[in-house]
Each structure stands twice: as C-alpha cells, then as structure tokens.
Amino acid sequence: MNEQLSDFISDKNIVMNLHARTRDEAIKDLSFILQKNGSVSDSDNFYKDVLKRESMTTTGIGKNIAIPHGQSKSVISSTMLFARNDQKLEWNSLDGSKVDIIFLMAIPPDDQGDEHLRMLAKLSGKLMDDAFVDSIKKASSSEQILKILRQQ
Amino acid sequence: MTKKIVAVTACIAGIAHTYMAAENLKKYAKKEGYSIKVETQGAMGLENRLSQSDIDDADVVIFAVDTTVQEADRFEGKKVYKVGTSAVVKDGKAAIDNAVAQVE
Numbered sequence: 001m002n003e004q005l006s007d008f009i010s011d012k013n014i015v016m017n018l019h020a021r022t023r024d025e026a027i028k029d030l031s032f033i034l035q036k037n038g039s040v041s042d043s044d045n046f047y048k049d050v051l052k053r054e055s056m057t058t059t060g061i062g063k064n065i066a067i068p069h070g071q072s073k074s075v076i077s078s079t080m081l082f083a084r085n086d087q088k089l090e091w092n093s094l095d096g097s098k099v100d101i102i103f104l105m106a107i108p109p110d111d112q113g114d115e116h117l118r119m120l121a122k123l124s125g126k127l128m129d130d131a132f133v134d135s136i137k138k139a140s141s142s143e144q145i146l147k148i149l150r151q152q
Numbered sequence: 153m154t155k156k157i158v159a160v161t162a163c164i165a166g167i168a169h170t171y172m173a174a175e176n177l178k179k180y181a182k183k184e185g186y187s188i189k190v191e192t193q194g195a196m197g198l199e200n201r202l203s204q205s206d207i208d209d210a211d212v213v214i215f216a217v218d219t220t221v222q223e224a225d226r227f228e229g230k231k232v233y234k235v236g237t238s239a240v241v242k243d244g245k246a247a248i249d250n251a252v253a254q255v256e
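Just so you know, the protein sequences line up as chains A and B, in that order. Going by the numbering used here, the first residue of the first sequence is number 1, and it counts up by one from there. Going by the numbering used here, the first residue of the second sequence is number 153, and it counts up by one from there.
Read the hints as simulated data drawn from the structure, not as lab findings. Ideal placement from N, C-alpha and C gives every residue a C-beta, glycine not left out. Treat the hints loosely; a few may be bogus.
[Stated by the list, open to error] Straight-line Cα separation of at most 25 angstroms, SDA-like style, residue types lysine to any residue; simulated pairs:
hint : chain 1 : residue 1 : chain 2 : residue 2
1    : A       : 122       : B       : 202
2    : B       : 189       : A       : 131
3    : A       : 88        : A       : 17
4    : B       : 179       : A       : 94
[Claimed, not checked] Anything over 10 angstroms on all C-beta distances counts as not near chain A; from chain B, calculated:
hint : residue
5    : 172
6    : 187
7    : 231
8    : 242
9    : 252
[Unchecked claim] If you only want the chain B side, here are some residues facing chain A, beta carbon under 10 angstroms, derived:
hint : residue
10   : 170
11   : 243
12   : 244
13   : 254
Hey, can you work out the whole structure from these sequences and the hints?
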C-alpha cells in the first residue's frame, strides 16, 4: 500500500499528544481535527456516528488499541487519524486494557471499495501483527509513525 | 493429516473487524500448522472467494460473522463453527482450537 498510503497519510493525520480524559472526549477532539483537515464537513455529526458504531460493540481491540470508525455522510473522503493519548482511557476493550493508541477511521456511507478503504482494511489486518503493534508503540515521533505506516 | 480450514469473515460495517478477524485466523492456523483460506465479505465485497472445491475439501468451516453469510448455500452439508468477529479478534487461537475440536 506504499504509494497510495503516502498520498493520503501525512503528518496532519498523526496526533502524538492527545490530552483526552475520556473515550468520548478523544473521539470528539479527533473529529474536530478531521474537520480542520478538510476530511469531515461536520465534526459533531461525525462524532455522533462514531459513537453510534461504538455503542454496537466496542472498538477497543485489546493491547491498549482502539479503532473507532464511522461511516458517516459528514465524511468527505475516506481517511484515518492516528493518535496517542497521554493517559490510558477506559474503552470497554475486549481484553479489558485501557487505550492510549487510537486509529480513528472515517468513511463516507457510499464507499464501496476505493483505494483508501482498501488501505484501512489492510491496516486493520496489520493490527493483528504483534511486530507491527510493537513498532507503533515504540515510535516516539510522528515521523516514525508515518514511516511505519508507509512501510506496510 | 493437516487439517484444512476455510473461513468467512464479515462484520456489520465491513471495514475493520472483517479484516482483523481474517488476519487473526490465518495467524493462529499457521501457528498450529493447519492450512487455511479466508474469504472476506466486507465493504469491498467478496474477496479471496472460496471455490466450491476449497469448501468441499475443507475439514472444517469457520463463520466469523456478525451478519449473514452471503452465498451460504455453498456451505451446505459442511460442519460450520460459528463465532463473532470480536471473539476472533480477541482470541484467534481459541477460535481455531474450538473449530478443529468440533471435527475431532
């Protein structure tokens, strides 16, 4: 996914120092960043759609990682944000762990499989790879995160 | 003989869990030395589609799904182990072990 990923992931998709105190606050702050980035037209509406998805089953997939995602009409084009929060947040995770690594995915409702969606799917699969997860956790700068994501 | 596994993964949105569950099944099947093919039924449609001979030759079928399996008639007469995608994401080893235990 090299070339395509570098096309749509840049340092504005990486948030290394999120200061959220709750899950909802994290999603709200990140939704706002997506709006600022021009990926989402209405951050409040997107936030609600992400919470709606979250209420069905948790997206806390374990090992301190969550992948909240919203298929929302407020999304202009499929994208993602990577965030590291400065404290671990309660997320009802599958393994009970608290979350400080967040991959927020934003997808428009009619996306039937463009390249971005394909990359989000691939990225999801990579989260099952322990070596990938370890390297993400060890990375200390947005440059390093970008490098890891682009290597995939 | 090496156990042959085929699996279908599908979640509600078809974006994340479908693909995480697929990778986790492959990861743990490989660790146990089983052969596995996984069809994903996600937002991009049916990918890595299982052929009828893949299905016929399989010792066990895993449906890791939160929704209905498309073209389920292909699996008629097969032993199916059904589980949710979250359970597979949480514990891929248990999903593989439970499925194989069903045919042993």
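- Query: Quick check: which numbered hints come out false for this structure?
  - Reply: 5, 8 and 13
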